[in-house]
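Student: So the chains spell out like this:
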Amino acid sequence: MKKFYAITALLSLLGLADAIYLTVEHVTGQSVKCTIISGCSEVLSSPYAVVAGVPLAMIGAAAYFAVFALATLAAFGYRIAATLLMPLVVAMFLVSLWLIYLQAFVIREFCQYCLFSAAVTVGLLVVVLIARRRVRYLLP
Amino acid sequence: MKRILPFLLILAVLGAALGSAWYLTRSMPASTPANSASASPDPQGATTQPVANKGVPGAEPANTRGPANAPAQLEEFGDFQCPPCGIFHPILEQMEQEFGDKLRVTFREFPLVPAHRHALIAASAAEAAGAQGKFWEMHKMIFDHQKDWKDSFDSRPTFEGYAKEIGLDVERYKRDLESDAIAQRIFLDGKRGYSLGVKGTPTLFLNDREVPFETLIQADKLRVVIQKEIESARK
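Those sequence lines, one after another, are chains A and B. Read the first sequence against the working numbering and you will find it ends at 140, with the numbers running on by one and no gaps. Read the second sequence against the working numbering and you will find it ends at 1235, with the numbers running on by one and no gaps.
Hints listed in this document are in silico derivations from the structure and should not be mistaken for laboratory results. Check before you lean on any hint, since a few could be wrong.
Lysine-lysine pairs mimicking BS3-like chemistry, simulated, CA-CA at most 27 Å apart [said to hold, decoys possible]:
1) B:K1140 with B:K1164
2) A:K3 with B:K1002
3) B:K1174 with B:K1140
4) A:K2 with B:K1002
5) B:K1147 with B:K1174
6) B:K1140 with B:K1221
Restraint-style ranges between C-beta atoms, simulated for each label pair [what the hints assert, rightly or not]:
7) A:Q112 with B:P1067: 42 to 50 Å
8) A:A91 with B:D1208: 43 to 51 Å
9) A:L102 with B:L1008: 33 to 41 Å
Facing chain B, from chain A, some residues (calculated, C-beta under 7 Å) [claimed, not checked]:
10) E42
11) L73
12) Q103
13) L125
Don't be surprised by glycine CBs; every beta carbon is placed ideally from N, CA and C.
Turn these sequences into a full structure, and let the hints guide you.
Tutor: In structure tokens form, the structure reads like this:
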């Protein structure tokens, strides 16, 4: 199962890089404001992009980092980390679903980096499910 | 070694994450409002507050609302088609309602052509309404219905409908829309924005100092900075 936790850790790095990029764009106002050369993101400037004054992307970055930490520990045999990983990834998956719903039906605009993050989370869920042997039939 | 390796990996990733965030923040173009709020020194001298830059005058008379001697003077550079400007509009209305005659608001045209194909037409429509003394009525109509026209092919009939709705002399409105005087007003507002270093919209100045984007887009944060300005004027 260690192999799957290693994959989880690598996947979470993709999510982390994506979330850091989004956070920086959000905090600096880059791509949030409209300029002559670059289109502005309706998604990032929407009120949903901030939770209690904290950019959502920053919370995402923290979550991906937590996944990386837990998956790394799990890969080295810490069972408690493997146990904690599951609910975290499920929670992230549910939040991603909600965010896609917001983009599709409320804001009615999509943001590429947000969709990439959702895709990474789906990947994480699948790998963690396999690692936990919850869905044996997905194994090759 | 095997025991501390996972912790070393985690620490390394944390370091790389924070490092790249720091690097990216610094390398983003200087158009960002964040660096006017940060401690980066400006060319005139090293202060944490950006030096008040008066810039060149914009169109006269400007589109303003509120008493001329109000302690908090807000100047917005906006583009009617820009989504965050549309989000900012109700926030600004809320501030005007809360602070009443302590606030004076000026709107400057900053249409981002060609990124926003309807921006110039929208700016002209608002200015043409202004020629009949109804700038703010038109301004509100255009912003409130931004989603209705921003994806259309031709926004002119929509704006003409608004002109009728707010009770403009439509024939005069249509003439003014094409007039040099209106084009000149938009040009002068743009020139003023350029002289102030405005690169994007919405850009907001509070008593000649730029308000960071993060602050202006959240009513709770904007309220605090306006409140501070009013209190410091009282002293």
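Student: Each hint needs a verdict: does it hold in this structure or not?
Tutor: Tested hints:
1. A C-alpha spacing of about 14 Å is found between K1140 of chain B and K1164 of chain B, which places the hinted pair at or below 27 Å, so the restraint holds.
2. For the suggested pair K3 of chain A and K1002 of chain B, the alpha carbons sit about 17 Å apart, so the restraint of at most 27 Å is met.
3. Of the supplied pair hints, the one linking K1174 of chain B and K1140 of chain B holds, its CA atoms being roughly 19 Å apart against a limit of 27 Å.
4. Restraint check: the Cα-Cα separation between K2 of chain A and K1002 of chain B comes to about 15 Å, which is no more than 27 Å; the hinted pair holds.
5. Taking the CA atoms of K1147 of chain B and K1174 of chain B, the gap is about 23 Å. The hint holds against a cut of 27 Å.
6. Note on K1140 of chain B and K1221 of chain B: the hinted pairing holds, with a Cα-Cα distance of about 23 Å set against a maximum of 27 Å.
7. Checking the proposed 42 to 50 Å range against Q112 of chain A and P1067 of chain B shows it holds: the Cβ atoms sit about 46 Å from each other.
8. Judged by the Cβ atoms, the range 43 to 51 Å given for A91 of chain A and D1208 of chain B holds: they are separated by roughly 46 Å.
9. Taken as a hint, the range 33 to 41 Å holds for the pair L102 of chain A and L1008 of chain B, whose Cβ atoms sit roughly 38 Å apart.
10. About 4 Å separates the beta-carbon of E42 of chain A from the nearest beta-carbon of chain B, less than 7 Å, and the hint is met.
11. For L73 of chain A, the shortest C-beta to C-beta distance to chain B is roughly 5 Å, which falls under 7 Å, so the interface hint holds.
12. Here the hint on Q103 of chain A is broken, as its CB sits about 13 Å from the closest CB of chain B, past 7 Å.
13. Hint status for L125 of chain A: violated, given a least beta-carbon distance of 21 Å to chain B, over 7 Å.
Checked against the numbered hints given earlier, the structure breaks hints 12 and 13 and satisfies all the rest.
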